[in-house]
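Student: Listed below, chain by chain, are the residues.
Number of protein chains: 2
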Amino acid sequence: GTWCPLNMSQQAVNGVSHRGKVLTLDSMNPNVKRVEYAVRGPIVQRAVQIEKELKEGVKKPFTEVIKANIGDAHAMGQKPITFLRQVLALCSYPELLEDNMFPEDAKKRARRILESCGGHSIGAYSASQGIECIRQDVARYIERRDGGIPSSPDNIYLSTGASDAIVTMLKLLVCGEGRSRTGVMISIPQYPLYSAALADLGAVQISYYLDEDKCWSLDVAELRRALNAARQHCNPRVLCIINPGNPTGQVQSRQCIEDVIRFAKEEHLFLMADEVYQDNVYAEGCKFHSFKKVLFEMGPEYSSTVEMASFHSTSKCYMGECGFRGGYMEVINMDPEVKAQLTKLVSVRLCPPVPGQALLDLVVNPPQPDEPSYTTFMKERTAVLAALAEKARLTEETFNTVPGITCNPVQGAMYTFPRITLPQKAIDKAKEEGQVPDMYYCMRLLEEEGICLVPGSGFGQREGTFHFRMTILPPTEKLKVVLQKIREFHLRFTQEFS
Amino acid sequence: GTWCPLNMSQQAVNGVSHRGKVLTLDSMNPNVKRVEYAVRGPIVQRAVQIEKELKEGVKKPFTEVIKANIGDAHAMGQKPITFLRQVLALCSYPELLEDNMFPEDAKKRARRILESCGGHSIGAYSASQGIECIRQDVARYIERRDGGIPSSPDNIYLSTGASDAIVTMLKLLVCGEGRSRTGVMISIPQYPLYSAALADLGAVQISYYLDEDKCWSLDVAELRRALNAARQHCNPRVLCIINPGNPTGQVQSRQCIEDVIRFAKEEHLFLMADEVYQDNVYAEGCKFHSFKKVLFEMGPEYSSTVEMASFHSTSKCYMGECGFRGGYMEVINMDPEVKAQLTKLVSVRLCPPVPGQALLDLVVNPPQPDEPSYTTFMKERTAVLAALAEKARLTEETFNTVPGITCNPVQGAMYTFPRITLPQKAIDKAKEEGQVPDMYYCMRLLEEEGICLVPGSGFGQREGTFHFRMTILPPTEKLKVVLQKIREFHLRFTQEFS
Chain P
1 GTWCPLNMSQ
11 QAVNGVSHRG
21 KVLTLDSMNP
31 NVKRVEYAVR
41 GPIVQRAVQI
51 EKELKEGVKK
61 PFTEVIKANI
71 GDAHAMGQKP
81 ITFLRQVLAL
91 CSYPELLEDN
101 MFPEDAKKRA
111 RRILESCGGH
121 SIGAYSASQG
131 IECIRQDVAR
141 YIERRDGGIP
151 SSPDNIYLST
161 GASDAIVTML
171 KLLVCGEGRS
181 RTGVMISIPQ
191 YPLYSAALAD
201 LGAVQISYYL
211 DEDKCWSLDV
221 AELRRALNAA
231 RQHCNPRVLC
241 IINPGNPTGQ
251 VQSRQCIEDV
261 IRFAKEEHLF
271 LMADEVYQDN
281 VYAEGCKFHS
291 FKKVLFEMGP
301 EYSSTVEMAS
311 FHSTSKCYMG
321 ECGFRGGYME
331 VINMDPEVKA
341 QLTKLVSVRL
351 CPPVPGQALL
361 DLVVNPPQPD
371 EPSYTTFMKE
381 RTAVLAALAE
391 KARLTEETFN
401 TVPGITCNPV
411 QGAMYTFPRI
421 TLPQKAIDKA
431 KEEGQVPDMY
441 YCMRLLEEEG
451 ICLVPGSGFG
461 QREGTFHFRM
471 TILPPTEKLK
481 VVLQKIREFH
491 LRFTQEFS
Chain G
1 GTWCPLNMSQ
11 QAVNGVSHRG
21 KVLTLDSMNP
31 NVKRVEYAVR
41 GPIVQRAVQI
51 EKELKEGVKK
61 PFTEVIKANI
71 GDAHAMGQKP
81 ITFLRQVLAL
91 CSYPELLEDN
101 MFPEDAKKRA
111 RRILESCGGH
121 SIGAYSASQG
131 IECIRQDVAR
141 YIERRDGGIP
151 SSPDNIYLST
161 GASDAIVTML
171 KLLVCGEGRS
181 RTGVMISIPQ
191 YPLYSAALAD
201 LGAVQISYYL
211 DEDKCWSLDV
221 AELRRALNAA
231 RQHCNPRVLC
241 IINPGNPTGQ
251 VQSRQCIEDV
261 IRFAKEEHLF
271 LMADEVYQDN
281 VYAEGCKFHS
291 FKKVLFEMGP
301 EYSSTVEMAS
311 FHSTSKCYMG
321 ECGFRGGYME
331 VINMDPEVKA
341 QLTKLVSVRL
351 CPPVPGQALL
361 DLVVNPPQPD
371 EPSYTTFMKE
381 RTAVLAALAE
391 KARLTEETFN
401 TVPGITCNPV
411 QGAMYTFPRI
421 TLPQKAIDKA
431 KEEGQVPDMY
441 YCMRLLEEEG
451 ICLVPGSGFG
461 QREGTFHFRM
471 TILPPTEKLK
481 VVLQKIREFH
491 LRFTQEFS
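Line by line, the protein sequences give chains P and G.
The first sequence begins at 1 in this note's numbering and counts up by one.
The second sequence begins at 1 in this note's numbering and counts up by one.
If you're looking for bench data, these hints aren't it; they were derived computationally from the structure.
Some hints could be false.
Which copy is meant is left open, so a pair is good if it fits within one copy or across any two.
[Stated by the list, open to error] Here are the simulated lysine-lysine pairs, DSS-like style, with alpha carbons at most 30 Å apart: (1) LYS108 / LYS52; (2) LYS293 / LYS265; (3) LYS107 / LYS52; (4) LYS171 / LYS339; (5) LYS293 / LYS21; (6) LYS339 / LYS431; (7) LYS60 / LYS480; (8) LYS265 / LYS33; (9) LYS79 / LYS485; (10) LYS79 / LYS108; (11) LYS339 / LYS293; (12) LYS265 / LYS21; (13) LYS344 / LYS431; (14) LYS55 / LYS339; (15) LYS344 / LYS21; (16) LYS478 / LYS287; (17) LYS480 / LYS59; (18) LYS339 / LYS52; (19) LYS60 / LYS344; (20) LYS214 / LYS293; (21) LYS265 / LYS339; (22) LYS293 / LYS344; (23) LYS33 / LYS171; (24) LYS107 / LYS79.
Bear in mind that the values here come from a model prediction, so they are computed numbers and not experimental data.
Make the full structure from the sequences, and use the hints.
Tutor: Spelled out as structure tokens, the structure:
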């Protein structure tokens, strides 16, 4: 339990006149204080400052700040997919349905969405679980993806991006105090939404390490080690997996997924599968396998018992529509009473943003070969994914030519998480400055080259190792510049401290 | 503290083979179980069922279900404001900027919003606090509203509807255990988001009663009674006010607001002012006074000390754009260190939906007299608000002609919360059915007339009194039918149990 000062007015009653603020660092929610989110942390705030300074004409060794800290495709110049935006415009201003500047399939989608909205307006609240016909489209999309394994709209919950659904699911799962407090297994390195949500909920974080030497693969022996150690001080109930990996970019093999599912069943863990990068797979021989498909292929012994939630989003893949905050979660084998509680819980926030729901509907129900928008849609989609594959290759190759930087292949997702070797003198210098070494490294890179990365310490890494996360999203020509600048900086930095 | 069963695999280790689910009603977050949200509760779920039955051709004494349970203007047939939707279409599909079907001021707004978006796309993430130029527009809007009292964009946080900001603010404020657990004062009747959020956060709800006999006005003596009683078992730190009132529709006098602010200062409470209905004031002699304006007019002794957050939304007023989940919060006198924590906390969810942010920008920066869209915009805006005023009057008048229904004037907001007198036999019958009496009443109304209201028990009411909440949003002609049907039902119901 946490202590909190009694209301100061008790003192006032005792005649003390001066009082501080009601809400201070000492009297605020202590769990919130523990929350950290490096992807938008101090280094990003400094980057924003520097951008302002540049605008104000302050001289810098560079003319623009390149924000490679976050997977924000459109901010990096990726153009929206025409079809998606046409339908959204039609939904926003249905008078455009009378106009003949839009293709029929876009109008058809818009009409269907509007007919399923209260008063035929995307300005009406939807059902809290999401618009029913969109949940049906999501279920059909999952069935196609998983080779016909059934999916029910009743198990689909539309959400405000994937983050919202992940936090909601964790909230349902966390309970108990002391030794029986819920423990949640997350990979290290991790996407810091997880550690932040666990801090906020006061849950116990159980860290399992991915194997950098084996392309950031997941090893069940390491899961078991982490679990057994955690059993001493908490009640492990949840296993979180990110595949394809963020920040590590690995794509899990079918075998690995089977092993994880078997482990979850043996150890009676609820599986949370973060699969928002499911369309972002680039490496030769890598393929996305959904946890649900593998679960069902393992037979009824598994498919009828293992409890799971899978998450998807409109923010990544080829769409990159982060600003719309669209997403969904599919729950599998969830206790019906708990599902009722989940539905009740999401109803308090009324509904996910309807424009994001509409966007999701287009992602799961894209133009078909016999429809007028198909050719353009496929051309745009393929171009985005092909460029990402090329940038993934380019990034790995370039970094591995730099002495002191080692980089695993970017098999999928949108990031690289290379390991950097830092001279002892640099580590000592960072300590002097009161910074962790990779934060010091990234801050120097930002100040000297105008490139904004996230230090590996923001995601977690093995003691004594240092990394950074960089998105591969900048346009190819700009990415080449970024990689070159990082190369030069790294050599300069290493020399300075040798 | 709550107890939670140890992970069942402990049993497995001891050789027990069969195991239940990981996540059950017994092993889930107990705070979530305590959450209740009547506005979308069992009665609404039944209403949805009945709609399906009607579609399937099941015979009912009515042909459609009228959902008067929630303030969802567009679902009730209110047409979106043209200007807002034109700009949103332009932002969604900027190719339309080349088209000459849209007025110049709509294009100007869209260009400004797009220029402030990463990659000029509303599909990019925004700053977590919200797009800066929109926060500037919000600050200027507040300054105009409050007669020039300064507002800083740094104190504005854009949000996913008002609910999101209210929950976030409460989360910051809640701490402590046992007797020092944070207590939060909320009005009874209340909007159930508050009780739901407090249950979720495990905070202590401190109920103060509004005075039904005085038009649901707030009495400081009652605040003091509730506060002193609460001091025995918790640490009261927060006072929540809803003005104009939901579900009660009262509009607070300037004097009342001054008294509340004085009380908050004396008792060292953080003020949360839910002002989402600030443009919905109908009654003769009633006027909206923002808590911030009154606070500053009370002089530096107050304006420099009392900590406050005020909330607004794009879902109500004349826009009724609930589906976009737009809103903002202004914080006043907040400790800078706490503000940094708040900014960090919201960054974990990345950003509010950008289409909702764009919509908010239009609400705070509407067409000006010298702009082409001004006339249509004002015509549409005025028509919506005039119709609401007419429906507010109509509702009060009609209900007060029904023996056994007494109804305060709907001074503002979008709801009426009339008191219903129920015969003892009806109360006994409800008990037999295992329902609270007003739930039984509303369920009967739904089954017999197809009208969906929310029982007063979902908002809280004085022991032994019964109410329901009804929105005044149905189109005037339909509202007349609704009121007539409720009248007939009430007489029939009363007779049945006399």
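Student: Give a verdict on every hint.
Tutor: Results of checking the hints against the structure:
1. LYS108 / LYS52: For LYS108 and LYS52, only the inter-copy Cα distance (24 Å) is at most 30 Å; the intra-copy one is 44 Å.
2. LYS293 / LYS265: within (16 Å within a copy, 59 Å between copies)
3. LYS107 / LYS52: between (42 Å within a copy, 27 Å between copies)
4. LYS171 / LYS339: Cα proximity of LYS171 and LYS339: in one copy and across copies (13 Å, 24 Å).
5. LYS293 / LYS21: For LYS293 and LYS21, only the inter-copy Cα distance (20 Å) is at most 30 Å; the intra-copy one is 54 Å.
6. LYS339 / LYS431: between (49 Å within a copy, 28 Å between copies)
7. LYS60 / LYS480: within (21 Å within a copy, 68 Å between copies)
8. LYS265 / LYS33: Only across copies: LYS265 and LYS33 sit 26 Å apart there, 35 Å inside one copy, limit 30 Å.
9. LYS79 / LYS485: Result: close within a single copy only, 25 Å intra versus 54 Å inter.
10. LYS79 / LYS108: Both, since 23 Å and 21 Å are each at most 30 Å.
11. LYS339 / LYS293: within (21 Å within a copy, 45 Å between copies)
12. LYS265 / LYS21: Between copies only: 10 Å across chains, 50 Å inside a chain, cut-off 30 Å.
13. LYS344 / LYS431: Between copies only: 24 Å across, 49 Å inside.
14. LYS55 / LYS339: between (51 Å within a copy, 26 Å between copies)
15. LYS344 / LYS21: For LYS344 and LYS21, only the inter-copy Cα distance (20 Å) is at most 30 Å; the intra-copy one is 36 Å.
16. LYS478 / LYS287: within (28 Å within a copy, 56 Å between copies)
17. LYS480 / LYS59: within (24 Å within a copy, 69 Å between copies)
18. LYS339 / LYS52: Classified as between: cross-chain Cα gap 21 Å, same-chain 47 Å, threshold 30 Å.
19. LYS60 / LYS344: between (53 Å within a copy, 28 Å between copies)
20. LYS214 / LYS293: Close inside one copy (25 Å), not across copies (62 Å); limit 30 Å.
21. LYS265 / LYS339: Classified as within; 20 Å inside a copy, 43 Å across copies.
22. LYS293 / LYS344: within (28 Å within a copy, 37 Å between copies)
23. LYS33 / LYS171: both (18 Å within a copy, 11 Å between copies)
24. LYS107 / LYS79: both (21 Å within a copy, 20 Å between copies)
The structure meets every hint from the earlier list without exception.
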